[in-house]
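A.B. asks: Residue numbers (my numbering), protein chains in the order written: chain A, 1 to 160; chain B, 1 to 160; chain C, 1 to 160.
Keep in mind that the hints were calculated from the coordinates and are not lab data.
Keep in mind that this is a model prediction, so the values were computed, not measured.
Even for Gly, the Cβ is constructed at its ideal location relative to N, Cα and C.
All clues stand as given, with none of them false.
In the DSS-like style, the derived pairs of lysine-lysine whose C-alpha atoms are separated by at most 30 Å in a straight line are:
no., chain 1, residue 1, chain 2, residue 2
1, A, 116, C, 59
2, B, 47, B, 155
3, B, 47, B, 59
4, A, 59, A, 77
5, C, 9, A, 22
6, A, 22, B, 98
7, B, 22, C, 98
8, B, 77, B, 47
9, A, 77, C, 116
Residues from chain B shown here face chain C by an in silico Cβ test under 10 Å; the list is partial:
no., residue
10, 9
11, 13
12, 16
13, 90
14, 106
15, 118
16, 119
17, 120
18, 121
19, 160
Read off the chains here:
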Amino acid sequence: MDVNERLEKLEQRLQVVEDTEKIREVLARYGFNADLGRSTDWVGVWKENGVYDLGPEHKPTGHDGLLYDVITSKGHKSIENHSQHTVVNHFIRIDGDKAWAEAYSIVFVKEGDGYKPWTCGYNHFEFERQGDGWLLTLRYRRPVGGDEWGGKVIKAYLSE
Amino acid sequence: MDVNERLEKLEQRLQVVEDTEKIREVLARYGFNADLGRSTDWVGVWKENGVYDLGPEHKPTGHDGLLYDVITSKGHKSIENHSQHTVVNHFIRIDGDKAWAEAYSIVFVKEGDGYKPWTCGYNHFEFERQGDGWLLTLRYRRPVGGDEWGGKVIKAYLSE
Amino acid sequence: MDVNERLEKLEQRLQVVEDTEKIREVLARYGFNADLGRSTDWVGVWKENGVYDLGPEHKPTGHDGLLYDVITSKGHKSIENHSQHTVVNHFIRIDGDKAWAEAYSIVFVKEGDGYKPWTCGYNHFEFERQGDGWLLTLRYRRPVGGDEWGGKVIKAYLSE
Numbered sequence: 001m002d003v004n005e006r007l008e009k010l011e012q013r014l015q016v017v018e019d020t021e022k023i024r025e026v027l028a029r030y031g032f033n034a035d036l037g038r039s040t041d042w043v044g045v046w047k048e049n050g051v052y053d054l055g056p057e058h059k060p061t062g063h064d065g066l067l068y069d070v071i072t073s074k075g076h077k078s079i080e081n082h083s084q085h086t087v088v089n090h091f092i093r094i095d096g097d098k099a100w101a102e103a104y105s106i107v108f109v110k111e112g113d114g115y116k117p118w119t120c121g122y123n124h125f126e127f128e129r130q131g132d133g134w135l136l137t138l139r140y141r142r143p144v145g146g147d148e149w150g151g152k153v154i155k156a157y158l159s160e
Numbered sequence: 001m002d003v004n005e006r007l008e009k010l011e012q013r014l015q016v017v018e019d020t021e022k023i024r025e026v027l028a029r030y031g032f033n034a035d036l037g038r039s040t041d042w043v044g045v046w047k048e049n050g051v052y053d054l055g056p057e058h059k060p061t062g063h064d065g066l067l068y069d070v071i072t073s074k075g076h077k078s079i080e081n082h083s084q085h086t087v088v089n090h091f092i093r094i095d096g097d098k099a100w101a102e103a104y105s106i107v108f109v110k111e112g113d114g115y116k117p118w119t120c121g122y123n124h125f126e127f128e129r130q131g132d133g134w135l136l137t138l139r140y141r142r143p144v145g146g147d148e149w150g151g152k153v154i155k156a157y158l159s160e
Numbered sequence: 001m002d003v004n005e006r007l008e009k010l011e012q013r014l015q016v017v018e019d020t021e022k023i024r025e026v027l028a029r030y031g032f033n034a035d036l037g038r039s040t041d042w043v044g045v046w047k048e049n050g051v052y053d054l055g056p057e058h059k060p061t062g063h064d065g066l067l068y069d070v071i072t073s074k075g076h077k078s079i080e081n082h083s084q085h086t087v088v089n090h091f092i093r094i095d096g097d098k099a100w101a102e103a104y105s106i107v108f109v110k111e112g113d114g115y116k117p118w119t120c121g122y123n124h125f126e127f128e129r130q131g132d133g134w135l136l137t138l139r140y141r142r143p144v145g146g147d148e149w150g151g152k153v154i155k156a157y158l159s160e
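Pulled out of the complex, with its shape left as it was, chain A reads as follows (with noise of 0.2 Å):
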């Protein structure tokens, strides 16, 4: 290779590592803004017809529908400011204006004087390029062991 063909191969590499964090930053500022009861920085990453898929039967859609789904929401009213939204075991792949991730996300919470896993769950993310960051298109979430297999979720990994 010449020395543009390197530079152009090393601006390309450089840029999904960089994605990949951004997409780890997504989800921390998903989790904090959901704690601190911030509803209005919570949907703003989302894209505007983003699709959150909790259940076959329950699938909030756009900004109102997302966030009427938390405002109205009394388990998340409930827990408020003594919650922790946190997400691990990311896997993310890049792929030019588009991206996924599979992770596990974990919700503690204050009980009395001590904490609690609130909820665990199995989580396929997807995400749009937008401008120098990116936007949620959908969070596919199930329950462990809830009545769904974990690997419906968890599956686009394999692929890779």
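Please arrange chains B and C on chain A, whose structure you already have, making use of the hints.
C.D. replies: Chains B and C only, in chain A's frame:
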């Protein structure tokens, strides 16, 4: 440095960064496979002669030994598809075609209507490069609060 | 851009990526040292005048203050070698020779035959570059569900 030297240096540094991310992915993949009953995929992240050092007298070795240990383990089968194998606090070093990582593992399981941390572990992992990826050659794990001092497991990071 | 400019730009971007990983490593190292009774190593990740802001009236400062606080803390000594200090949801920014991170901390401890999340915290960290690495100059931590709104701690990420 001339242009060629700067390019080579960049290529080498970037590869370390990419390899570090790949090691994290091996550990995520390990967890996904463990939780979702994908025994063949799970053993596939190990090198054929890999060793899972779980204690002085419990060291499943090689694909057959590892699979046998998992398949016959009451504990493991009892949690499949309602468990979450997570790895956090990664400290990773790449050295050519070898690598090691030290990290914490936590397995969450569903219990009744809630969730609990089922096990917490101190871990030292070793890897070898294979093609574009990495295989696990050793996992040395001891439970947090077990008989053995955790500092016997997590110590390679001190030399860095 | 000419070749020289492209190389410089790549070198700068790659350094940010490497520094981001190093910050994650400081936090992993912090946890390993805390759990394994390595007080001297633990205080060594702090700058000599570092401040651990645990509350309006509890701000251990400097290596002596930090060590004194840990050594005399009943809570800490009671969990050593059966604890796991974890940090997740890292949101990290590098700015030349300074850096900050916002993240969640969870400390798991063994209790009887099981494990529990002992504490969950909101954190803002600040760092200064030293040689090839980074030192912690400030950890501002408040417990999840404590008296203070978590949004007072985790807020720098909003400006990004």
